[in-house]
Amino acid sequence: MKSHVIVFPGSNCDRDVAVAIKNISGHQPQMVWHKESSINQSDLIVVPGGFSYGDYLRCGAMASTSPIMQDVVKKAKEGVPVLGICNGFQILIESGLLDGALMRNSSLSFICRDILIKPKNQSSVFTKKTQVAKMPIAHNEGNFFVTSEQLKKIQDNDQIAFQYCDENGNVSEHSNPNGSLENIAGILNENKNVLGMMPHPERAAELAHGCEDGKTIFESILN
Amino acid sequence: MTNHNWQFQTERSLVENHGLKLDEFEKIVEGLGREPNLTELGIFSAMWNEHCSYKSSKFWLKKLPTSGDRVVQGPGENAGVIDIDDGDVAVFKMESHNHPSFLEPYQGAATGVGGILRDVFTMGARPVANLNALRFGEPNHPKTKHLLSGVVSGIGGYGNCIGVPTVGGEVNFHPSYNGNILVNAMTVGIAKKDKIFYSAAAGIGNPVVYVGSKTGRDGIHGATMASAEFDEDSEDKKPTVQVGDPFTEKLLLEACLELMKEEAIIAIQDMGAAGLTSSSIEMASKGDVGLEIDLSKVPMRAQNMSAYELMLSESQERMLMVLDPSKEEMARDIFKKWDLEFEVIGKVTDTKRLILMMNDKEEASIPINILVEDAPEYQRDYIVEEPSPIKEYKSEDFDQNNILKDLNTMIMHPDLSSRKWIWEQYDHMVMADTVVRPGSDAAVVRVHGTNKGLAMSTDCSPVYCKHNPYEGGKHAVVETWRNIIASGALPIAITDCMNFGNPEKPEIMGQFVECIRGMGDACSKLNYPVVSGNVSLYNETNGEGIYPTPAIGGVGLIKDLSNVKTLSLKNEGNLLCVVGKSNNHLGNSKYMTIVHNKEDGGTPEIDLDEELKNGHFVLELINKQLVESSHDVGEGGILIAVAEMCIAGNLGITIDEDKEFSHRFYFGEDQSRYLLEIRPENFDQLKQLSESNNVVFEKLGVVDQAIIKINNLNEIKVSELRNNFESGVGNI
Numbered sequence: 001m002k003s004h005v006i007v008f009p010g011s012n013c014d015r016d017v018a019v020a021i022k023n024i025s026g027h028q029p030q031m032v033w034h035k036e037s038s039i040n041q042s043d044l045i046v047v048p049g050g051f052s053y054g055d056y057l058r059c060g061a062m063a064s065t066s067p068i069m070q071d072v073v074k075k076a077k078e079g080v081p082v083l084g085i086c087n088g089f090q091i092l093i094e095s096g097l098l099d100g101a102l103m104r105n106s107s108l109s110f111i112c113r114d115i116l117i118k119p120k121n122q123s124s125v126f127t128k129k130t131q132v133a134k135m136p137i138a139h140n141e142g143n144f145f146v147t148s149e150q151l152k153k154i155q156d157n158d159q160i161a162f163q164y165c166d167e168n169g170n171v172s173e174h175s176n177p178n179g180s181l182e183n184i185a186g187i188l189n190e191n192k193n194v195l196g197m198m199p200h201p202e203r204a205a206e207l208a209h210g211c212e213d214g215k216t217i218f219e220s221i222l223n
Numbered sequence: 001m002t003n004h005n006w007q008f009q010t011e012r013s014l015v016e017n018h019g020l021k022l023d024e025f026e027k028i029v030e031g032l033g034r035e036p037n038l039t040e041l042g043i044f045s046a047m048w049n050e051h052c053s054y055k056s057s058k059f060w061l062k063k064l065p066t067s068g069d070r071v072v073q074g075p076g077e078n079a080g081v082i083d084i085d086d087g088d089v090a091v092f093k094m095e096s097h098n099h100p101s102f103l104e105p106y107q108g109a110a111t112g113v114g115g116i117l118r119d120v121f122t123m124g125a126r127p128v129a130n131l132n133a134l135r136f137g138e139p140n141h142p143k144t145k146h147l148l149s150g151v152v153s154g155i156g157g158y159g160n161c162i163g164v165p166t167v168g169g170e171v172n173f174h175p176s177y178n179g180n181i182l183v184n185a186m187t188v189g190i191a192k193k194d195k196i197f198y199s200a201a202a203g204i205g206n207p208v209v210y211v212g213s214k215t216g217r218d219g220i221h222g223a224t225m226a227s228a229e230f231d232e233d234s235e236d237k238k239p240t241v242q243v244g245d246p247f248t249e250k251l252l253l254e255a256c257l258e259l260m261k262e263e264a265i266i267a268i269q270d271m272g273a274a275g276l277t278s279s280s281i282e283m284a285s286k287g288d289v290g291l292e293i294d295l296s297k298v299p300m301r302a303q304n305m306s307a308y309e310l311m312l313s314e315s316q317e318r319m320l321m322v323l324d325p326s327k328e329e330m331a332r333d334i335f336k337k338w339d340l341e342f343e344v345i346g347k348v349t350d351t352k353r354l355i356l357m358m359n360d361k362e363e364a365s366i367p368i369n370i371l372v373e374d375a376p377e378y379q380r381d382y383i384v385e386e387p388s389p390i391k392e393y394k395s396e397d398f399d400q401n402n403i404l405k406d407l408n409t410m411i412m413h414p415d416l417s418s419r420k421w422i423w424e425q426y427d428h429m430v431m432a433d434t435v436v437r438p439g440s441d442a443a444v445v446r447v448h449g450t451n452k453g454l455a456m457s458t459d460c461s462p463v464y465c466k467h468n469p470y471e472g473g474k475h476a477v478v479e480t481w482r483n484i485i486a487s488g489a490l491p492i493a494i495t496d497c498m499n500f501g502n503p504e505k506p507e508i509m510g511q512f513v514e515c516i517r518g519m520g521d522a523c524s525k526l527n528y529p530v531v532s533g534n535v536s537l538y539n540e541t542n543g544e545g546i547y548p549t550p551a552i553g554g555v556g557l558i559k560d561l562s563n564v565k566t567l568s569l570k571n572e573g574n575l576l577c578v579v580g581k582s583n584n585h586l587g588n589s590k591y592m593t594i595v596h597n598k599e600d601g602g603t604p605e606i607d608l609d610e611e612l613k614n615g616h617f618v619l620e621l622i623n624k625q626l627v628e629s630s631h632d633v634g635e636g637g638i639l640i641a642v643a644e645m646c647i648a649g650n651l652g653i654t655i656d657e658d659k660e661f662s663h664r665f666y667f668g669e670d671q672s673r674y675l676l677e678i679r680p681e682n683f684d685q686l687k688q689l690s691e692s693n694n695v696v697f698e699k700l701g702v703v704d705q706a707i708i709k710i711n712n713l714n715e716i717k718v719s720e721l722r723n724n725f726e727s728g729v730g731n732i
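Line by line, the protein sequences give chains D and G.
According to the numbering used here, the first sequence is numbered sequentially starting from 1.
According to the numbering used here, the second sequence is numbered sequentially starting from 1.
Keep in mind the hints are simulated off the structure, nothing from the lab.
Glycine is no exception: its CB is placed at the ideal position from the N, C-alpha and C atoms.
Don't take each hint at face value.
Derived DEER-like restraints, expressed as beta-carbon distance ranges [said to hold, decoys possible]:
#1 D:Q122 to G:K559: 41 to 47 Å
#2 D:Q41 to G:T450: 32 to 38 Å
#3 G:D350 to D:S109: 51 to 57 Å
#4 D:E173 to G:T450: 38 to 44 Å
Work out the full structure: start from the sequences and follow the hints.
Below you can see the structure in the form of structure tokens.
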């Protein structure tokens, strides 16, 4: 089991996700500095949360042009699982691996709190073990949007990974924290080997976090 | 001051515009043996202002207890350091950024956070938690909404980006802050005890290195501005507010910590208030050496910057270091990797002078001791005013049928309502070690990779301080102590942020002196020393001073995280008990100020022996696993504390019928009290323990479904209370 965590200037959840992967899989992921040009053979590449390049210009825009991203895109196209969390999701969109855009939250403010999500696609390598799950969000730009044609395409192809929901799994406006279209919290690429999600599973991955629901996402991919 | 015969060539107005008194200027001339040039005048102005020199406060601050078994470094360095076992230390400090935040709330608050973070990682610690203590004017004052939302987004904007969780804080609203808000930011970091970095320069000939951002013209004279009062024209001072760049600070943090793993840094000092001036002088003074700096080598953001501007700029995200010369190239590579400036700008000398060169011309030459040891120090006149008299209220003074209605009114007031609207804008979980999130008594953050944690709390009750500065000073210290105990941790030490009005007014100086006396007594009794702090004076607008506000940030250690307690009620059928004696003190309580709009009746007094005894009792019960949830009884009294526990746990309580059914019992703000939820089968054992410890311990009621019942006639649904509780601050 070999995993890699990409570190950009301004990444700040790189350590957190590495700790979660180590705790869950027993294997220490390798940290990869963004200026490197390639990643060795990998079973999982994580693009972590944070504020790469300070979120200046547009979230994820500058990081998507870092040298390492060329290889991440290449590996993703070869079928290597790639997981982007929060800022990582934004970077994957900017690098063209995922559809859509992440706009400012509808409240126009940063939101950090627990939310509930449930998988829409229940067969992907990332989502197959997860049911209604509680984990935190912490972002200013998580309001997912796609055009209606793109939406139809990702719906038809079962690319919606997670949706914000309530305790009973109902997807409603009330359970939508940031205004995302169709309550979308995470989406997959066409081949379902790339996942971008706004919630932070690595912050709900051990008892001390008060909730371990985030573990299932790592467990399904790491085992 | 007024009758001086001006006999100098330097323009008198130039001296005055630099915030220097005329006799202070005479002292400069005497020290130098000549008149200073403009650059030197700027340097003296920056070093001798209140903010940097502590000239009015130093004498009194020395009276605070600063030592203890666990104190590794007390006041005087960038931050205080305490021992938290296993070779680990906690490094922390709180600092004010009041004036800039009033002028430009987002940047003022953001750079306040940036500055205090640098103070902590300068010492080799990785910051693990941010907290704050905020005061705004009345909720309906036209500026309050703008200032509150600006400050909150500024704190969040900086902390969220750099990736340090903002885990706790406190907020008050009071008219005395209408024209002068307070923004106090605190950072707590963790380091290894044998890897702490200090600021004393050493090694004649060693390189002085500048790292971080380039220097621009922003923030010139910020510290001098922060030492002056406000008037109608203060908005014009906006250009003195610095602009923060948390992204660069994140790079600086990682680069510094990376370099600190090597044996390369001899001394390091962040460039905070008064920038290059205070950092270079601090390093030279601490090391008893001189520094020679070539200002033309300073990385510049603007063209044609003068020596004066370079020395006084408060551009953010910069550090000054003295390096081991053999490690210079390795250090340069680290900063290059992080895309940061790295420039050797000078060297350590044996002249004991600060010598500044620019384009081969000497711009300044000042003996360090004149700047530091000979800095003015005042023992200002002070008057201690008689504390407001304590007023006794009777049960009959208030209509008992209104108790629950009044509870509702109080819980939706911005002073008591939920701070969720604020903390949801802060990333309080990044680093994945937050164990107790904001909203409980103290926040708890795990020491990474261990099973121990730090409990942290900030507090102050300015109304208490105004009406009795001595008791108010005690209270601020004790409230953090109590919050830390209630979370299950052992309180260790505090940092303070002393926010007061103009010290040249004897009654303001009297408030300062008395608050210090109260704080000192509390710290001594509780073995809870001061390890770092900051003073912010001249918090006045148009001659009106703020209420005395000695904000305290306390830190405690919890050795086993399984003993952490929160305030949320856990199970129906459990008992809720009160520790400590209730004396029905209603003066200056939240009940009186919110419901009756009356600010009088005295400040509740604290019996420090009682405080110590009750606190140790609660901690003992928690460590014996006899407590399910715990909460200190603070502002608003018992019923507010009960309501907070019910809302957090989504459970209710039926209060015993034999309790005195009166406002003064439910809303009295007597001190040294806690509420504990316990299992019913443990009650007898606890009662016995309390008797042998001579602690007052009484059952208050039984945990029930989500309804609060006070005898059979009165009840309120917890869901209704929650709606009101959560409506307060966000609706300002």
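*Is the distance from the Cβ of Q122 of chain D to the Cβ of K559 of chain G consistent with 41 to 47 Å?*
holds, 44 Å
*Does the Cβ pair E173 of chain D, T450 of chain G satisfy 38 to 44 Å?*
holds, 43 Å
*Cβ separation of D350 of chain G and S109 of chain D, checked against the hinted range 51 to 57 Å*: The hinted range 51 to 57 Å holds for D350 of chain G and S109 of chain D, with Cβ atoms some 55 Å apart.
*Is it true that Q41 of chain D and T450 of chain G lie within 32 to 38 Å of each other by Cβ?*
With Cβ atoms ~34 Å apart, the hint holds.
In the structure shown, no violation is registered for any of the earlier numbered hints.
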